[in-house]
Structure formats: structure tokens, C-alpha cells
Amino acid sequence: AQSVAQPEDQVNVAEGNPLTVKCTYSVSGNPYLFWYVQYPNRGLQFLLKYITGDNLVKGSYGFEAEFNKSQTSFHLKKPSALVSDSALYFCAVRDGGDSNYQLIWGAGTKLIIKP
Amino acid sequence: DAGVIQSPRHEVTEMGQEVTLRCKPISGHNSLFWYRQTMMRGLELLIYFNNNVPIDDSGMPEDRFSAKMPNASFSTLKIQPSEPRDSAVYFCASSHEGYPYEQYFGPGTRLTVT
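Here the protein sequences come in this chain order: A and B. If you count the first sequence from 1, position 18 lands on 285 in the numbering used here, and the numbers rise without skipping. If you count the second sequence from 1, position 17 lands on 345 in the numbering used here, and the numbers rise without skipping.
Calculated directly from the structure, the hints in this document are not laboratory data. C-beta: ideal position from N, C-alpha, C; glycine also. A couple of the hints might just be wrong.
[Stated by the list, open to error] To give an idea of the chain B side of the interface with chain A (calculated C-beta under 7 Å), a few residues: (1) Phe419; (2) Glu430; (3) Gly436.
With the rest of the complex left out, here is chain A (with noise of 0.2 Å):
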């Protein structure tokens, strides 16, 4: 079965400081993963994803994840955290070799970045 996990509920971080926002899958072919991000009374904005090629992905907002096969993580990072950073982060994974569209995805992080 597939599966998303996203093991910290909140991630403190000081402006300016690097980030990282831990995801780790489970998917039984190849995984198409994402990152999205949710702002207060919002909707989910995608960020980023990991389709094939190379690892270290780059996405909006200066965020990058880099695929880590072996340790089946896709982890969410910055190198200098902002205060408007702030926000609930959720990872998602899919399939690729399935014919199912749906996403599954992570219970989210919520992000707080202290000035």
C-alpha cells in the first residue's frame, strides 16, 4: 500500500536559518512526489515535485526537496528561512506506474519561522 509520512506536526526555524521539512514514502513503483503548501484560510498551492532525472529538485518561493531513493525520503528544504515562510506544509506521493490518479498524502507540517 502506498503511504506518506511526514514526521514532525511542527518545525520551528529563525529567520534566516536553513530549513527542512521531513517526508518519507512508500510506493510499490516508481514515485511521482510533491510538495505543497497551505497558507491560513488558503488552498493547497503547489511548490515543487519529483517526476524523474535529477534528485535535487527546485520549486517556488526558493524551496528545493531532494529524492533520496535509498532512504525513500523526499525532504523539503531552504537555505534562509523568511518570516512569510510560515505556513502548513503537506507532501504527497503517487504511483507512477498506476493507472490511479489520486494522490496520497501527508497528515502536514506546520512551519513557524520566528523573526
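Chain B: place on chain A using the hints.
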């Protein structure tokens, strides 16, 4: 493109009333997803359509919930009768069947059932 459009943005209704939520997907997208988000249960997939056909409705909580997609540009989610435990934010999302794969979300409908 205007993105995924949902209406209404807010809905307050009394227990027992019928509620209809509406969604217009992004033009050209052929997959549509209805989600529900609550503090207790997080983000849940209720149903998804591909080419206007319901593919997986296993997330629909009970028979009080129904969804339709009469054409490629419109979908509804109906709750009848509504109950207080249905209070949540309901999101609609759409995507291409294939590449580039990511789903695009609407702003959501905040439903409050009193």
C-alpha cells in the same frame, strides 16, 4: 487561466438542510478531485473523476454525500441532509490525466452546519 473556481466560499446552514458545493476546474484538465479538510482528520479525498466519470468514491463518508460531473467544466458535491459533523473546508482540485501530474486546488468552501 482563472484557476479552479469554487462557490460559495462560505456556507452556513442548519442541520437537515441540503447543501450544494460547486466547482469549475481548469480548462483542459480531465481529472477532478473533491477533498475535505478538518483539524481532526486532516485532508481527505472524497471522490475523483476522470473524463467526467467517477473513478473512486471510496472516501465519500456516507450516502448523504453525492457528487456529479455533468460535463468537463462543472462538478457538484451535495450533502443531504447535512449534519454538524460535516462542518469542514471542502476543496476541489483538477489536473491533467498525464504530465505534468500536479493537482491545482481551488480556494475552498468553508461549510458550517449548525
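Hints, verified against the model:
1. Phe419: holds (6 Å)
2. Glu430: holds (5 Å)
3. Gly436: holds (5 Å)
Going through the hint list in order, the structure satisfies each hint without exception.
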